[in-house]
Amino acid sequence: QVQLVESGGGVVQPGRSLRLSCVASGVSLRTYDMDWVRQAPGKGLEWVAAVSHDGRGEYYSDAVKGRFTISRDNANNTIYLQMNSVRPEDTAFYFCVRNILIGFIGRHYYYGLDVWGQGTTVTVSS
Amino acid sequence: DIQMTQSPSSLAASVGDTVTITCRASQNIGVYLNWYKHKVGKAPKLLIYAASSLQTGVPSRFSGSGSGTEFTLAITSLQPEDFATYYCQQTHSNPSLSFGGGTKVEI
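Protein chains in written order, with our numbering: chain A, 1 to 126; chain B, 1001 to 1107.
Hints may contain errors.
As the list claims (entries may be wrong) - Which stretches of chain B does chain A cover? Using the computed rule of at least three CB atoms under 8 Å from a CB of chain A, they are: (1) 1036-1044; (2) 1048-1060; (3) 1081-1094; (4) 1097-1107.
What the hints assert, rightly or not - Capping the alpha-carbon separation at 20 Å, the derived lysine to aspartate or glutamate pairs in EDC-like fashion look like this: (5) Lys-1039(B) <-> Asp-1001(B); (6) Lys-43(A) <-> Glu-1106(B); (7) Lys-1045(B) <-> Asp-1001(B); (8) Lys-1045(B) <-> Asp-62(A); (9) Lys-1104(B) <-> Glu-46(A); (10) Lys-1039(B) <-> Glu-46(A); (11) Lys-43(A) <-> Glu-89(A); (12) Lys-1042(B) <-> Asp-1001(B); (13) Lys-43(A) <-> Asp-73(A); (14) Lys-1045(B) <-> Glu-46(A); (15) Lys-1042(B) <-> Asp-1017(B); (16) Lys-1045(B) <-> Glu-1081(B); (17) Lys-43(A) <-> Glu-58(A); (18) Lys-1042(B) <-> Asp-62(A); (19) Lys-1039(B) <-> Asp-114(A); (20) Lys-1039(B) <-> Glu-1106(B); (21) Lys-1042(B) <-> Glu-1081(B); (22) Lys-1042(B) <-> Glu-46(A); (23) Lys-65(A) <-> Asp-1001(B); (24) Lys-1039(B) <-> Glu-1081(B).
Unchecked claim - Selected chain A positions facing chain B (in silico; Cβ < 8 Å): (25) Gly-44; (26) Tyr-80; (27) Gln-82.
Honestly, the hints are just simulated from the structure, not real lab data.
No residue lacks a Cβ here, since even glycine has one placed at the ideal position from N, Cα and C.
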């Protein structure tokens, strides 16, 4: 059974840094793109960042671009989110998610977020 | 960036009802549209991909339709376990993704 387990969350002061980790079991992540998605208190889901299967491609939402860095260690089946210069608005529950090719229809490829971790909480507060 | 807008933000329904949720994209996304169900304290679950294809294991009372900029999720014969928040998500600009604001289906 595929499982993703996040860690590294906690309380951090504005302007400081935090690194989240996501370890996978039951599957090798090396062939999958991986994402981070967050949910602020009382808010909806917000896509944060993605990393390609080989780590060469990194993609970010405008809200975190320039402050967060996503990376991966395929040898250790781990995904990271380095969060620098954090802000109160970064306070959220952070999910690690697998982005998978789900379907090939009419010569088009379709992707979806099929496996989610249970999440880790980040609170930015002085 | 592609903006996704859902309506309504919440709705009240009873077991056995049929509910529909609308999702609109800020530009033409073809059928690059997924739907997720999220219950508090649980990981979100992928229900539908490519606007209308049911993910493996998802009950047939869930259905999706639409293309371009307007999409609909319908749930027929609402069950107790269906009370949750539902999100649409565009994958047209994958790997850069975006979600709608969510629709909470309440009793």
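Status of each hint after checking the structure:
no.: 1; hint: 1036-1044; in the structure: holds (count 4)
no.: 2; hint: 1048-1060; in the structure: holds (count 4)
no.: 3; hint: 1081-1094; in the structure: holds (count 5)
no.: 4; hint: 1097-1107; in the structure: holds (count 6)
no.: 5; hint: Lys-1039(B) <-> Asp-1001(B); in the structure: violated, 27 Å
no.: 6; hint: Lys-43(A) <-> Glu-1106(B); in the structure: holds, 16 Å
no.: 7; hint: Lys-1045(B) <-> Asp-1001(B); in the structure: violated, 24 Å
no.: 8; hint: Lys-1045(B) <-> Asp-62(A); in the structure: violated, 25 Å
no.: 9; hint: Lys-1104(B) <-> Glu-46(A); in the structure: holds, 16 Å
no.: 10; hint: Lys-1039(B) <-> Glu-46(A); in the structure: holds, 16 Å
no.: 11; hint: Lys-43(A) <-> Glu-89(A); in the structure: holds, 11 Å
no.: 12; hint: Lys-1042(B) <-> Asp-1001(B); in the structure: violated, 28 Å
no.: 13; hint: Lys-43(A) <-> Asp-73(A); in the structure: violated, 31 Å
no.: 14; hint: Lys-1045(B) <-> Glu-46(A); in the structure: holds, 15 Å
no.: 15; hint: Lys-1042(B) <-> Asp-1017(B); in the structure: violated, 24 Å
no.: 16; hint: Lys-1045(B) <-> Glu-1081(B); in the structure: holds, 13 Å
no.: 17; hint: Lys-43(A) <-> Glu-58(A); in the structure: violated, 25 Å
no.: 18; hint: Lys-1042(B) <-> Asp-62(A); in the structure: violated, 27 Å
no.: 19; hint: Lys-1039(B) <-> Asp-114(A); in the structure: holds, 15 Å
no.: 20; hint: Lys-1039(B) <-> Glu-1106(B); in the structure: holds, 11 Å
no.: 21; hint: Lys-1042(B) <-> Glu-1081(B); in the structure: holds, 12 Å
no.: 22; hint: Lys-1042(B) <-> Glu-46(A); in the structure: holds, 16 Å
no.: 23; hint: Lys-65(A) <-> Asp-1001(B); in the structure: holds, 13 Å
no.: 24; hint: Lys-1039(B) <-> Glu-1081(B); in the structure: holds, 9 Å
no.: 25; hint: Gly-44; in the structure: holds, 4 Å
no.: 26; hint: Tyr-80; in the structure: violated, 17 Å
no.: 27; hint: Gln-82; in the structure: violated, 18 Å
This entry does not satisfy hints 5, 7, 8, 12, 13, 15, 17, 18, 26 and 27, going by the numbered hints stated previously.
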